[in-house]
Amino acid sequence: MGRMYLIPGWFYGYDIFFEIIFGLITLFVAWNAFKIYKISEEKNTRNFGIGFLLVSLSYFIWACINIFIVSDIGGERELSVSNILLLSTISIYLQIALFIAGLALIVSMTLKTKEMRAFELILAISLSAICFSLNKFTATYSIASIFLLFISVYYISEFNRKKNKTTCMIAMAFSLMFLGTIGLLFAGSVYLTYVISHIVILIAYSIILISLIKILKHGEKKKQA
Amino acid sequence: MEKKRNRLEIIRDILKVIRDRNGRIKPTHILYKSNLSYQMMEDYLNELKEKEFITEIKGKKGKTYAITEKGMKYLDKYAIVSEFTESFGLG
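For the protein sequence lines, the chains are A and B, in the order given. Using the numbering used here, the first residue of the first sequence is number 1, and each one after it goes up by one. Using the numbering used here, the first residue of the second sequence is number 1001, and each one after it goes up by one.
Label-pair distances were calculated between CB atoms; the ranges are:
| no. | chain 1 | residue 1 | chain 2 | residue 2 | range |
| --- | --- | --- | --- | --- | --- |
| 1 | A | S189 | B | E1047 | 52 to 60 angstroms |
| 2 | A | K222 | B | K1004 | 14 to 22 angstroms |
| 3 | A | K112 | B | K1070 | 22 to 30 angstroms |
| 4 | A | E220 | B | K1061 | 36 to 44 angstroms |
| 5 | A | K222 | B | Y1032 | 21 to 29 angstroms |
Hints in this document: simulated from the structure, not taken from any laboratory. We put the CB at the ideal spot given by N, CA and C, even for glycine.
Next up, chain A with everything else stripped away, as it sits in the complex (with noise of 0.2 angstroms):
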């Protein structure tokens, strides 16, 4: 697999922060969507929840493995897969499957559909070709694009189709995940790009965060009514 992406050295601890931060939100995002099918007991919301919930766990093993896994090499910092140990190289494969996995859930989700067989179908086929690839970072985060370019999309189309402002700021906080992930393709050659990835990526989350919150809040205000 050789060189995944190159840290620069002044950005090394930050980059885990931004991760940790990642997870946090998509995890807060999981728990709310849990809390909801409690209540509606609707399977979309479950299956929402779910990916987000893997987005989430790969987030944090993530931050694990820049913590542990990643090498100093004068100065920078690099990730590759020729020098790590079987855990390592285990505990990277984890990450990938379950990002893949959670983003593969909520395009099956907007797929308005109640067969697993399209999610399964999905899975499958991503991990296969990541399986076979030479590159497997550039493979997944292909992928990945691939399916936050489908998320944004759908989520543009509904907020065309009811006019509402968080679906909005939800279309632009994935639109802004997909250009993050696209420049993280890039992150084994120029390292600026792998920066400039978590920051977009963060302002993402952010809006992510602050649409859920808007939720809760006008729901709650809503129940008053």
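Following the hints, put chain B in place on chain A, whose structure we already have.
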């Protein structure tokens, strides 16, 4: 023209009809009050029974439906459920 109701709104309306009838109602009243076709009402009632939002009581005069605590909780929290579902496009 009135906006077409979504799934969550239809479920809320059925539960409201049952709650407003002191928590127990005949299917014909649900049909009349919820503005649904017979088949659609049957589908929704089956779903609500599966989710344990309502219970079916069989008596001498036929079937009646009663709202459960879970159904009451759905009505109480409907605003948040609807806001979350609509905004995240889960409906």
